[in-house]
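A.B. asks: Sequences listed follow chains A and B, in order. So the first sequence is numbered by the working numbering: it starts at 1 and just counts up by one. So the second sequence is numbered by the working numbering: it starts at 414 and just counts up by one.
No wet-lab data here; the hints were simulated from the structure. Hints are not guaranteed to be accurate.
[What the hints assert, rightly or not] Straight-line distance between alpha carbons at most 27 Å, and here's what the computed DSS-like set of lysine-lysine pairs gives:
| id | chain 1 | residue 1 | chain 2 | residue 2 |
| --- | --- | --- | --- | --- |
| 1 | B | LYS622 | A | LYS20 |
| 2 | B | LYS622 | B | LYS702 |
| 3 | B | LYS1231 | A | LYS74 |
| 4 | B | LYS939 | B | LYS889 |
| 5 | A | LYS269 | B | LYS702 |
| 6 | B | LYS713 | A | LYS20 |
[What the hints assert, rightly or not] Facing chain B, a subset of chain A residues (Cβ under 8 Å, in silico):
| id | residue |
| --- | --- |
| 7 | CYS19 |
| 8 | SER25 |
| 9 | ASN399 |
[To be verified] Chain A is nowhere near these chain B residues, computed Cβ spacing over 10 Å in every case:
| id | residue |
| --- | --- |
| 10 | ASP671 |
| 11 | ASP723 |
| 12 | ASN775 |
| 13 | THR788 |
| 14 | LEU845 |
| 15 | GLU858 |
| 16 | VAL877 |
| 17 | ALA1019 |
| 18 | ILE1208 |
| 19 | TYR1238 |
Please read these numbers as outputs of a predicted model, since none were measured by experiment. Beta carbons are placed, not taken as given, at the ideal position from N, Cα and C, and that holds for glycine.
Next come the chains, spelled out residue by residue.
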Amino acid sequence: MTKKLLITGLIFGALATSCKREYDSPPVKETPTGGVLTLTQLRNLYTGTPHKFVGDSSVYAVVIADETSGNFYKEVYVSDGNAALNLRLLTGGGLYEGDSIRIYLKGTVLSEYNDVLQLDSVDVDVNVIKQATGKSIEPMVTTVDQINPLMQGHLIKLENVEFAQSAQGQTYADATNQQSVNHDLTDCNSNTVLVRTSGYANFAGDVVPSGNGDMLAIVGQFGSDMQLYIRRPSELNFNNPACGGVPPGTYLNKDWEDQDLTSGGWVTKLVTGTKNWEASDQGGGTWYAKMSNYDSGSMTNETNETWLITPSMDFTSATNPELNFETAYNYSGPALEVFISTDYNGISNPATQGTWTPLSATLSPGSWTWTPSGAINLSAYNGNGSVYIGFKYTGTNSNGSTWELDNVNVAEN
Amino acid sequence: MRYSALIILACSFSVSSLAQIDSSVTDTSKFIPLITLDADDLDNSQSQDVSTLLQSSRDVFVSAAGFNFSAARFRMRGYQADQYAIMMNNVVMNDPERGSAIWAYWGGLNDITRYPNVGNGISNGNMNFGGIGGYSNISLRASDLRAGHRLSYASANRTYRNRLMYTHSTGMMKNGWAFSFSGAFRWSQEGYVDGTYFNGGSYFFSAEKKLNDQHSIGFAGFAAPTVQARSGIALQEAYDLTGDNFYNPYWGWQTQADGTRKKRNARVRDNHRPSVFLTDYWTIDKKSKLTTSVYSTFGKTGSTNLNWYDAKDPRPDYYRYLPSYYEQEDPAYAAQLAEAWANDPNQSQINWDALYNANYNNLYQLENANGDGSTLIGLRSKYALEEQRNDPLQYGLNSVYNRQLNDKMMLSAGLIVDFYTGHNYKKTVDLLGGEFWVDVDQFAEQDFADPTVGQNDLDVTNKVVRVGDKVGWNYKMHVNKQEVFSQIEGKTAKIDWYAGLTLSSTSFYREGVWANGRFPNNSQGKGEVHNFMNYGVKGGAVYKVTGRHYVTANLQYQTRAPYSFNAYVSPRTRDGVVPNLESTEIMSGDLNYIVRYPNLKVRATAFYSEINNQTWARSFYHDEFRTFINYMMTGVDHLHSGFELGVDANVTTSIQVTGAFTYGQYIFNNKSNPVATITRDNSSEVIASDRTIYLGGYKIGGQPQTAGSIGIKYNSPKYWFAGVNANYFADIYLSPNPDRRTAEAIDKYIVDDPQWSAIIDQTKLENGFVMNAFAGKSWKVKESFIRFNVNINNILNTTDFRTGGYEQLRFDSNDIDKFPPKFGYMYGLNYFAMLTYQF
């Protein structure tokens, strides 16, 4: 009896398990090839009005720039060595640099956007058939003055170029507000071209390199402006002395003359209170950063802690970096403090995130006297890929100074 | 050989939906309260506190309510499932991580679970302190189960369509042994809702040996292994486009090798979670006994879902695939989409063939595969099917002592020591035509240039995942509890009374198996241990006005440790609980008037409960912060008050009239508002803290707060019965999305702007009216019985009654209707018919 029960139980147990449904993989859906065009033939199909492909035809190409760094969004660039093209994707993702692909053209649209020829409405899942990976297309070596609309979409190599003075110490783009930024690139012979970087690029918050050297870029265009897009910062090798006025090895240079408190990737972090740093010139025409915890309306001071923090600086190959800045202040209150961190994440509250080490600097004696900080050697932080300097303002509900900060510069000595 | 044929037979039956209304069959006179948490609520965190079904018949209100209100997601007094204790052999079966008991874990064992010892609301229980909602204690003791055979077959059109059940119990035999066995299959090729199926087996075995006059030892074990393809609720737009209020976004067609198409569901639950008990029944003397069990629960619970990498969202009802998204900018395309939604299942359902083709085409070169520097070239899946697992391992000891102190007083005391570990992880179950998956987080890759940040398992860089491998997250949640309770009951001529006390210690902690690239320092290893000391007191009395009229009152006050499920910010990625994590405070009281005549039974009750200091945590995409965030509320206070009336009258010897009515107010307490903390999911950044959520006065959603039922039943002296019930449901609300009830949400608008109230007003659903009918007959053939029962619910076939839903947590304050609520509808006409042979 017992045995019978046990056996029945076991059968029921066995029966009850693993009754998941099974499915066959659907057969591979062969995408027809149809007529094969070269990229050059494809580009020539454009005659001024959008061309929608309705029949079977294909083009072969290699992906030369993808979306991985975030500098491109829902678009990639392809080339076959002779011609190149911008592909606009219905949904981002799925195409990677080095992919050798067949583009099945049915359903896509050849059109122009601000004078850039593009293949639009590409559905990667439907229109792209990968042939191989790891293929590369050699960059086209050229010079700044030769960049022209015929090079659209090409990967090019420029030699002996550098960022213009106006870009020195600035970040590639505005990572905080996720805004794109254009910087001038120059060849030292007064020829310039724009380098445009998306605020969503994962290197948007990095400071552009100083110095002179060679670089790889994708050629773009916006109306009559030629633009370059960087695939990744490691493709800029600006290791030679610059030809312009800026000494090589400038990590940061901010004078607030653009009247923008946080341009170049600076951030403020209000820890306590409501008053915050602002750009100011007190009508004098020379701009700087300023902070006070005094409310002129209520004629009271508020308890306040707020930080003004530099963009991330790369000291990986630094040798003897130095910090210089100037301060002025008036009214009694806690002194401005200067800190440095190698593990701050650039976005969080600095009072709770990051290890901040105080730096010793000469500060203003008061009465609005502008005072240089003296050169502060930062070589102790060499080798760190992400260095931040933070200026911390503190005020209480009974007193507080007005602090002014200007000409912050970090550079190799 | 014979057995394997059986297995194939059973599996080919292919089953459909859960024990949603399982116990509503059987003859109504034997109903006892059951509580079912619909297993569909398990991994839909939005509705996880929805839908407990209550079925009963000893109490005049509970029987009528349980039988007729369950389809409308009615919950007794508005309580969530964690306020009820479900026990087996005195052992609490509620899930330690979430607090609720999942009836599906023993679905199909109706012959065993049909006769529990039950308490409704605050009540005396001599085996456990119990919750304010009540308790059920199911005996698994072989000698308690009625001797005989019982074979039944049921046909239905709900989640499953067929049920075959067989139970045999020996009773205590002369040799001192008692055995009981029960087994069941429940299956459907397709359930009420398109694309669902159900394959469920259930087994139960119990043996008892009487050692001597004092000791008897029992073993019992059971499980209900279940595979269920599920249904999900959708936007009204999707229902309108498809013309089907039971549109199910979870399935799609998949072409087979022979060219035919098969319906495939992406959300398949697969549970097998056995529990075993070894119990010593010790009758110490005529007046006292000690019942001690050691027990364990183990096995797996899993549910599949699609994942995708660097590709478009494969869910057909994603908001960008709906016509409404294009209506303003491109009405022609919107019309084209609407047409496709109406006619093309590749648009309105999952397009499996397209997912496979995308994977077939995605040749990929992975550098530094598995962190060993090698290069892997192959088809990297953009789409994969993953199973989210929660595998329990629980064991413990439960001992209950009962002693009759004298004619009038009885003492009970108990000890519980419980250890629980829930292993939470994901497993890849199908690469959908691809060759591998890479275990990295796409969002972290986009936000951080450092490739280590995106690694889900820092020990293996760029981990190559194949079918059967763990993926995504991997951690264990440990919950340990020790509890002692005691109760004393007394009886006098005029007054019966009881008083109970409980003391407990609960601790829980997270143990990360993997180190996560976003949180390298607080994701691996044993996390902080959180300890809570809790207590509870309760008491009640029955005043016997006469032998027919009673007045009773009950009070309960307790503190309870928070559930780990609600305590953690984001346990999948890191250790760390919500700020100011505190015990929940529960206070409840009720006052009852009871009438008991042979032909008239009435209960009228007023109740009031506060459940304060609860926590709430969810993760979702936040449009204001433009990132995936963790949203946590603390200080969530619920207030439940209301009135219940149950009447059961035998108008003649053959005509019985029943009625049940309840009016409730289940709201977020006005006294204080919850406070929210918002953190970025990808980093430790706190985006907002101390954000006041103005929830005070909002209704708790997900159930009718007012419900009424009136029924009439004819009992023929010829052993048949038939009846009909009319039911009305009102005051049904959707739970408020906290983020819409903040100063920040309405910041852009002025009070007079209609959008102001559109943002903050609570969604109220329309009232519903439903009619049910039932009938049954029994025959006695020599010593055996044959019974036939049928229940037909919603005989008017109403298919437009919304019983619930949720406000989407995602909210765009610039376009307030961009993410509208999702709704679920009550099934139209549905039936359950059963034939039983008892011998």
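A.B. asks: Run every hint past the structure and note whether it holds.
C.D. replies: Hint by hint, here is what the structure shows:
Restraint check for LYS622/B and LYS20/A: not satisfied, since their Cα atoms lie roughly 38 Å apart, outside the 27 Å limit. Of the supplied pair hints, the one linking LYS622/B and LYS702/B holds, its CA atoms being roughly 17 Å apart against a limit of 27 Å. Pair hint LYS1231/B plus LYS74/A holds up; C-alpha atoms about 23 Å apart against a cutoff of 27 Å. For the given pair, LYS939/B sits about 9 Å from LYS889/B by alpha-carbon distance, which is consistent with the 27 Å threshold.
Using a Cα cut-off of 27 Å, the hinted pair LYS269/A and LYS702/B is violated, with the two alpha carbons roughly 67 Å apart. Simply put, LYS713/B and LYS20/A have alpha-carbon atoms about 15 Å apart, close enough for the 27 Å limit, and the pair holds. Against a cut-off of 8 Å between C-beta atoms, the interface hint on CYS19/A holds, since the closest Cβ of chain B lies about 4 Å away. With its C-beta approaching chain B no nearer than about 5 Å, SER25/A sits inside the 8 Å limit, and its interface hint holds.
For the restraint placing ASN399/A at the interface with chain B, the shortest Cβ-Cβ distance is roughly 27 Å, beyond the 8 Å limit, so the hint is violated. Under the 10 Å C-beta cut-off, the non-interface status given to ASP671/B relative to chain A is violated; the minimum distance is some 8 Å. A cut-off of 10 Å between C-beta atoms contradicts the statement that ASP723/B is not in contact with chain A; the least separation is 3 Å. Its closest Cβ contact with chain A, about 6 Å, brings ASN775/B to no more than 10 Å, contrary to its assignment away from the interface.
With a least CB separation of 8 Å from chain A, THR788/B falls inside the 10 Å interface cut-off, contrary to its annotation. Its closest Cβ contact with chain A, about 8 Å, brings LEU845/B to no more than 10 Å, contrary to its assignment away from the interface. Residue placement check: GLU858/B does not keep its beta carbon more than 10 Å from all beta carbons of chain A (closest about 8 Å). At the 10 Å boundary, the C-beta of VAL877/B stays outside the reach of chain A, the nearest C-beta of that chain being 15 Å off.
No beta-carbon of chain A comes within 10 Å of the beta-carbon of ALA1019/B; the shortest separation is about 46 Å. Its beta-carbon lying about 33 Å from the closest one in chain A, ILE1208/B satisfies the requirement of being farther than 10 Å from that chain. With a cut of 10 Å on Cβ distances, TYR1238/B stays outside the contact zone with chain A, its closest approach being about 26 Å.
Of the numbered hints listed earlier, those contradicted by the structure are 1, 5, 9, 10, 11, 12, 13, 14, 15.
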